[in-house]
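Asks: Chain residues, written in single-letter form:
Protein chains: 2
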Amino acid sequence: MPTAAIVIIGDEILSGKFVEENAAFLIGELRALGVDLKRITVIPDDRDDIAATVREQAAKFDHVFTSGGVGPTHDDVTMEAIALAFGTTVIREPVLEQRVRAYWGDRLAEPNLRLADVPAGAELVYGKDQVWPVVAYRNVYILPGVPTLFRRKFVDIRDRFRTETVTIARVYIDADEGQIAKDLDNVVAAHPSVKIGSYPRFAEKDFRVLVTLEGRDTAEVAAAFALLVERAGTKVVRSEAPASVGQ
Amino acid sequence: MPTAAIVIIGDEILSGKFVEENAAFLIGELRALGVDLKRITVIPDDRDDIAATVREQAAKFDHVFTSGGVGPTHDDVTMEAIALAFGTTVIREPVLEQRVRAYWGDRLAEPNLRLADVPAGAELVYGKDQVWPVVAYRNVYILPGVPTLFRRKFVDIRDRFRTETVTIARVYIDADEGQIAKDLDNVVAAHPSVKIGSYPRFAEKDFRVLVTLEGRDTAEVAAAFALLVERAGTKVVRSEAPASVGQ
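Taken in sequence, the protein lines are chains A and B. Our numbering numbers the first residue of the first sequence as 1 and each following residue consecutively. Our numbering numbers the first residue of the second sequence as 1001 and each following residue consecutively.
Derived from the structure by calculation, the hints contain no laboratory data. Be aware that one or more of the hints could be misleading.
[Unchecked claim] Taking lysine-lysine pairs in the DSSO-like style, the calculated list, with each CA pair at most 30 Å apart, reads:
| hint | chain 1 | residue 1 | chain 2 | residue 2 |
| --- | --- | --- | --- | --- |
| 1 | A | LYS182 | B | LYS1060 |
| 2 | B | LYS1038 | A | LYS60 |
| 3 | A | LYS205 | B | LYS1205 |
| 4 | B | LYS1235 | B | LYS1128 |
| 5 | A | LYS60 | B | LYS1182 |
| 6 | A | LYS38 | B | LYS1038 |
| 7 | A | LYS182 | A | LYS205 |
| 8 | A | LYS205 | B | LYS1182 |
| 9 | A | LYS235 | A | LYS182 |
| 10 | B | LYS1235 | A | LYS60 |
| 11 | A | LYS205 | B | LYS1060 |
| 12 | A | LYS38 | B | LYS1017 |
| 13 | A | LYS128 | B | LYS1182 |
| 14 | B | LYS1182 | A | LYS182 |
| 15 | A | LYS235 | B | LYS1017 |
| 16 | B | LYS1017 | A | LYS17 |
| 17 | A | LYS60 | B | LYS1205 |
| 18 | B | LYS1235 | B | LYS1205 |
| 19 | B | LYS1038 | B | LYS1060 |
| 20 | A | LYS38 | B | LYS1060 |
| 21 | A | LYS38 | A | LYS128 |
| 22 | A | LYS60 | B | LYS1017 |
| 23 | B | LYS1182 | B | LYS1205 |
| 24 | B | LYS1235 | A | LYS17 |
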């Protein structure tokens, strides 16, 4: 299963001016595509911090998605930072420059041309939208921070990340988490390929712990689910049988 | 201004089973307290990853807040990971053990006692709640992932992080971001202590860019605000004059 990391570049998120929307959106997309999201990092609009973070994540994971810091103003330093991360420089990309000039026409202000600046060696990734590509450098996809644009651009190229489906089951248990810890240990030991999560809830009426079972091997998830339901016995309030997520 | 980082430990967030609530809550709290949040990281329930991440953040920032991985089940590895991060071991803390035994009484299951396990040398931080302290190791505050508990425990001890207020102003501009980039550059150059953010919006009726101006020095923020309003002229749709945030 390919892995991914999200890097959110945004003083405006860290200072609470805007609620984070892009990672929240991408979490669901990546899950549906069968990509294993391993890390989300929210960092300031700081060139060196962006460079260090992107370099580290690009080396560890298959895909990296950045959000923000792409635009015509002083705080838009992502392109420069990613160039720095990979030891290259920023160039004005001719195809993009043409698009920018065509789009703004007479209304073009010089800073708009910064939208055509990319790290030298970047790839222009086209999806269904043949006009505005996504800029990628190696395994780093550089997306804008404005949520409507972020979504549109990711959806446009998402098919290239699609892999396989995962199977998930849920068991709702009316017991203290400590009372089922041993049962969970047994299920974990018997089915190591199944990822088991245990989540205590205090505001629910009829259950106190939600247990999730998740994996790529449907038969294994089903066996783990059956074992847990058997062991937890009457403490099980209800359950959702193994079902595929993704498409 | 003291700095902070948030480390969210949670497979359940990365896989989209639950929406992240704790960082979202803490962003607003830290801002109101006058603490400069520099980084949010969401990572899996993995001992080595938690240890490496916490060690790195604790060295860089004044305060680190962790969320999750604290409880009686197999996936609760935060205490062990933080002990590992600082080269110590996990011990059963006598005061906490007494609390756990008193709370559960006859219903105590052995795994519940794991709630009394902390890194050796940890501090028990008491707020108004004299029964359940927050466990801290050096500058790392170890909070539970369940949102109701996370909030309650942070609110209980938040006064120890309170510092000063910041001043913020906002200018709503009806122009393309490229058209005001030069004006912003001028304001940035004239008032380097003021943090200026420029945020294009496409779904608003009457403006296209929101500019925020923020700093600790109220007079500087006011001067930067006045300069921007003057330079942007008739492009300014409305504005919010400098006002204090925090208490």
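Asks: Does each hint fit the structure? Answer for all of them.
Replies: Evaluated hints:
{"no.": "1", "hint": "LYS182/A x LYS1060/B", "verdict": "violated, 38 Å"}
{"no.": "2", "hint": "LYS1038/B x LYS60/A", "verdict": "holds, 22 Å"}
{"no.": "3", "hint": "LYS205/A x LYS1205/B", "verdict": "violated, 43 Å"}
{"no.": "4", "hint": "LYS1235/B x LYS1128/B", "verdict": "violated, 50 Å"}
{"no.": "5", "hint": "LYS60/A x LYS1182/B", "verdict": "violated, 38 Å"}
{"no.": "6", "hint": "LYS38/A x LYS1038/B", "verdict": "holds, 20 Å"}
{"no.": "7", "hint": "LYS182/A x LYS205/A", "verdict": "holds, 24 Å"}
{"no.": "8", "hint": "LYS205/A x LYS1182/B", "verdict": "violated, 57 Å"}
{"no.": "9", "hint": "LYS235/A x LYS182/A", "verdict": "holds, 14 Å"}
{"no.": "10", "hint": "LYS1235/B x LYS60/A", "verdict": "violated, 45 Å"}
{"no.": "11", "hint": "LYS205/A x LYS1060/B", "verdict": "violated, 42 Å"}
{"no.": "12", "hint": "LYS38/A x LYS1017/B", "verdict": "holds, 14 Å"}
{"no.": "13", "hint": "LYS128/A x LYS1182/B", "verdict": "violated, 34 Å"}
{"no.": "14", "hint": "LYS1182/B x LYS182/A", "verdict": "violated, 64 Å"}
{"no.": "15", "hint": "LYS235/A x LYS1017/B", "verdict": "holds, 22 Å"}
{"no.": "16", "hint": "LYS1017/B x LYS17/A", "verdict": "holds, 26 Å"}
{"no.": "17", "hint": "LYS60/A x LYS1205/B", "verdict": "violated, 42 Å"}
{"no.": "18", "hint": "LYS1235/B x LYS1205/B", "verdict": "holds, 14 Å"}
{"no.": "19", "hint": "LYS1038/B x LYS1060/B", "verdict": "holds, 10 Å"}
{"no.": "20", "hint": "LYS38/A x LYS1060/B", "verdict": "holds, 22 Å"}
{"no.": "21", "hint": "LYS38/A x LYS128/A", "verdict": "holds, 28 Å"}
{"no.": "22", "hint": "LYS60/A x LYS1017/B", "verdict": "holds, 24 Å"}
{"no.": "23", "hint": "LYS1182/B x LYS1205/B", "verdict": "holds, 24 Å"}
{"no.": "24", "hint": "LYS1235/B x LYS17/A", "verdict": "holds, 22 Å"}
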